[in-house]
Amino acid sequence: MNGGARWLIRCCGVALLALGPLATCRAQSPSDSAEMDAMDSTDHQAAHAAHEAMSGSMSSDPHLVLTPVRPRSPADSTRAVQLVAQMRVALARYHDVRAAEADGFRKFLPGVKQPIYHFTSWRWALSARRRFDPTRPTSLLYREGPGGALVLAGAMYTAPDRTSLDALDQRIPLSVARWHEHVNWCLPPRGQRERWRERRDGKPVFGPKSSIATADACTAVRGRFVPRLFGWMVHVMAFESDDPKVIWGGGAEHDHMHQ
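Just so you know, the sequence shown maps onto residues 0 to 258 in numbering that gives the first Met the number 0.
In short, the hints are calculated from the structure, not lab data.
Keep in mind that this is a model prediction, so the values were computed, not measured.
Glycine included, each C-beta is placed from N, C-alpha and C at the ideal position.
Fair warning: there could be bad hints in the mix.
As the list claims (entries may be wrong) - Derived DSS-like pairs (lysine-lysine); straight-line CA-CA distance at most 30 Å: (1) LYS208 x LYS244; (2) LYS112 x LYS208; (3) LYS112 x LYS202; (4) LYS112 x LYS244.
As the list claims (entries may be wrong) - Computed Cβ-Cβ distance ranges for the label pairs, DEER-style: (5) PRO70 x LYS112: 37 to 47 Å; (6) ASP102 x ASP241: 22 to 32 Å; (7) LEU108 x PRO73: 37 to 47 Å; (8) ALA166 x THR134: 16 to 26 Å; (9) SER210 x GLY103: 37 to 47 Å; (10) ASP200 x ASP132: 40 to 50 Å; (11) ALA166 x VAL88: 21 to 31 Å; (12) VAL88 x PRO109: 22 to 32 Å; (13) THR218 x PRO70: 18 to 28 Å.
Can you make the complete structure from the sequences, with help from the hints?
Here it is as structure tokens:
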């Protein structure tokens with residue numbers, strides 16, 4: 000096994016243990032690992048914080064980047080309809096969450112009450128780095144239904160953080176959906192997980208709800224600045240409704256995440 004292969008396995012092992020479904024592994028060389036170094040040291044709490052951040056407004060958040068809305072075309076609309084149709088056929092068997100688990104999907108943050116539960120396939124997550132396949136999402140999304148049963152609501156697709164806007168548009172039209180990316184986080188230094196609880200002026204010092212969004216401001220509180228935490232991601236709520244506004248998250252806001 001060559002050095003690059005060993006490095007990729009180490010990368011993915013760290014992401015699996017520490018970040019849950021929001022992280023993706025980058026196939027890069029060790030010399031290009033500044034961003035990966037930050038991800039290696041990002042703990043379970045950072046992943047949890049990122050998950051919670053998506054339950055609020057995403058259009059005015061300094062820690063999130065949204066793809067710009069492109070003018071819609073008939074071709075885009077057709078592609079969107081076809082994508083949802085493909086999802087509904089290919090993923091129908093996962094209405095039963097036990098089928099998803101049998102196929103290798105694993106629940107993110109088990110034991111934690113969430114508005115949307117992510118079940119992630121790491122095999123499909125790695126495949127998504129190379130190509131887009133609407134029948135193989137990175138994560139399946141479930142809501143808790145009557146009696147506590149999990150109900151399939153949609154899927155999450157991911158792409159490497161260096162993916163261009165044009166390439167994202169080729170995966171899912173940017174006139175239809177808005178991909179998002181977590182950016183400009185100030186994290187506690189390695190080995191100081193207890194500092195996640197720090198607050199100033201009633202607000203968290205670290206994480207997605209902090210007002211700190213620059214490297215200088217993060218250095219001033221003795222934090223660790225991460226300009227880009229995860230890759231691109233988008234939710235498609237294909238099983239939630241036939242309304243495109245619900246399926247594609249209502250444009251700038253991921254209304255399906257609001258509770």
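Evaluated hints:
no.: 1; hint: LYS208 x LYS244; in the structure: holds, 27 Å
no.: 2; hint: LYS112 x LYS208; in the structure: holds, 19 Å
no.: 3; hint: LYS112 x LYS202; in the structure: holds, 23 Å
no.: 4; hint: LYS112 x LYS244; in the structure: holds, 26 Å
no.: 5; hint: PRO70 x LYS112: 37 to 47 Å; in the structure: holds, 40 Å
no.: 6; hint: ASP102 x ASP241: 22 to 32 Å; in the structure: holds, 26 Å
no.: 7; hint: LEU108 x PRO73: 37 to 47 Å; in the structure: holds, 40 Å
no.: 8; hint: ALA166 x THR134: 16 to 26 Å; in the structure: holds, 19 Å
no.: 9; hint: SER210 x GLY103: 37 to 47 Å; in the structure: holds, 40 Å
no.: 10; hint: ASP200 x ASP132: 40 to 50 Å; in the structure: holds, 46 Å
no.: 11; hint: ALA166 x VAL88: 21 to 31 Å; in the structure: holds, 25 Å
no.: 12; hint: VAL88 x PRO109: 22 to 32 Å; in the structure: holds, 29 Å
no.: 13; hint: THR218 x PRO70: 18 to 28 Å; in the structure: violated, 41 Å
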